[in-house]
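Residue numbers (numbering that gives the first Met the number 0), protein chains in the order written: chain A, 0 to 94; chain B, 0 to 146.
Because the hints were derived from the structure by calculation, they are not lab data.
Each residue gets a CB set at the ideal place from its N, CA and C atoms; glycine is no exception.
You may find that some hints are simply not true.
[Unchecked claim] Which chain A residues face chain B? A few, computed with CB under 8 Å, are given here:
{"hint": "1", "residue": "G21"}
{"hint": "2", "residue": "T25"}
{"hint": "3", "residue": "I27"}
{"hint": "4", "residue": "A90"}
[Said to hold, decoys possible] Chain A side only, calculated, beta carbon under 7 Å to chain B, not exhaustive:
{"hint": "5", "residue": "G7"}
{"hint": "6", "residue": "A14"}
{"hint": "7", "residue": "T16"}
{"hint": "8", "residue": "Q37"}
{"hint": "9", "residue": "G39"}
{"hint": "10", "residue": "F47"}
{"hint": "11", "residue": "V79"}
{"hint": "12", "residue": "V80"}
{"hint": "13", "residue": "T85"}
{"hint": "14", "residue": "I92"}
{"hint": "15", "residue": "I93"}
{"hint": "16", "residue": "G94"}
Listed here are the chains, written in short residue letters.
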Amino acid sequence: MSGRVIIGIAAFCIAGTGVFLGNMLTMIMIGEINRKRQEGDLVSYIGFTPQKSRMIFREYRRLYPNGKLHIYSYLAVVAVVAGMITVAVCARIIG
Amino acid sequence: MVSAASFRPLQKTQERGTHSSEMGKGKRNPEKAGHPQSATAYTGYAWGLNGDNSNYSGGFSGFSAGTNAGVFGDRSSGGVTSGPGGLVPSSGPGTVTIVGVNVSASLLGKFSFGLNATNYSKPLQLGSFWAFTTADWSNYLARRVCQ
Chain A
0 MSGRVIIGIA AFCIAGTGVF LGNMLTMIMI GEINRKRQEG DLVSYIGFTP
50 QKSRMIFREY RRLYPNGKLH IYSYLAVVAV VAGMITVAVC ARIIG
Chain B
0 MVSAASFRPL QKTQERGTHS SEMGKGKRNP EKAGHPQSAT AYTGYAWGLN
50 GDNSNYSGGF SGFSAGTNAG VFGDRSSGGV TSGPGGLVPS SGPGTVTIVG
100 VNVSASLLGK FSFGLNATNY SKPLQLGSFW AFTTADWSNY LARRVCQ
């Protein structure tokens, strides 16, 4: 097995981990936001649009100024995108 | 959520040798009609197209990654009908490479990534300039002036 294949598999695993953690962090942030909201004004756990994602981040940062989940979520995005670009380079899809 | 992507063929022509031409904006929905779980609008650039875009057809292998905003890329390959070996992207003359960005909405989870393989049909020829955007006109006119 060549080094290119090994690096590609490792990058794919990193991207997969980033997807799993990113989605989990998003759910945790929604849960934290809902803890501070009244019944009937809760954020849904299903359905994600760019506007809703921005709202979740904005609300989380407003309600939890010292929270770190949104930072971890950014790191997950970096892991997913960088991992899959690495996979694409290793698979000769790009580059 | 792992997404499987399918892109429709480019439907406008590009001059041979042009290195950046807007691929087109559209929406793709890889899920079964009537039960959508995600929808994506995307735009990007294609390299290696011939004069009539006819090589933007057949097999392609690609990737996608991101959240509600992400990146994707595709390259000519044997597609899904050539066995496992056909999934390896091609190289050399006639190879089309596509990269771009997308914005998506999804039902379950906003993070997604995926590897995909697809077979495009032949592009429908609708003329040279029907879908030119401002960026396309700028690139086209700049190329004309420089020639």
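Now the hints, each set against the structure:
Taken as an interface hint, A/G21 checks out: its beta carbon lies about 4 Å from the nearest beta carbon of chain B, inside 8 Å. Taking 8 Å as the C-beta cut-off, the interface hint given for A/T25 holds, the closest approach to chain B being about 6 Å. With a least beta-carbon distance of about 13 Å to chain B, the hint placing A/I27 at the interface is violated under the 8 Å criterion. Residue-level restraint check for A/A90 holds (minimum Cβ-Cβ distance to chain B is 7 Å; threshold 8 Å).
Because the smallest distance between the Cβ of A/G7 and any Cβ of chain B comes to about 10 Å, over 7 Å, the interface hint for this residue is violated. The interface hint given for A/A14 is met, as the beta carbon of that residue sits about 5 Å from the closest beta carbon of chain B, less than 7 Å. With its C-beta approaching chain B no nearer than about 10 Å, A/T16 sits outside the 7 Å limit, and its interface hint is violated. At a threshold of 7 Å, the smallest CB-CB gap from A/Q37 to chain B is about 25 Å, leaving the interface hint violated.
Interface hint status for A/G39: violated, as the beta-carbon distance to the closest one in chain B is roughly 22 Å, over 7 Å. Checking A/F47 against chain B: minimum C-beta separation of about 4 Å stays under 7 Å; hint holds. Because the smallest distance between the Cβ of A/V79 and any Cβ of chain B comes to about 5 Å, under 7 Å, the interface hint for this residue holds. With 7 Å as the threshold, the beta carbon of A/V80 comes within range of chain B, its nearest partner Cβ sitting at about 5 Å, so the hint holds.
The closest approach between the C-beta of A/T85 and any C-beta of chain B is roughly 10 Å, which is over the 7 Å cut-off, so the hint fails. Using the Cβ-Cβ criterion of 7 Å, the hint placing A/I92 at the interface with chain B is satisfied: the shortest such distance is roughly 5 Å. At a threshold of 7 Å, the smallest CB-CB gap from A/I93 to chain B is about 5 Å, leaving the interface hint in force. For the restraint placing A/G94 at the interface with chain B, the shortest Cβ-Cβ distance is roughly 9 Å, beyond the 7 Å limit, so the hint is violated.
In the structure shown, a violation is registered for the earlier hints numbered 3, 5, 7, 8, 9, 13, 16, in ascending order.
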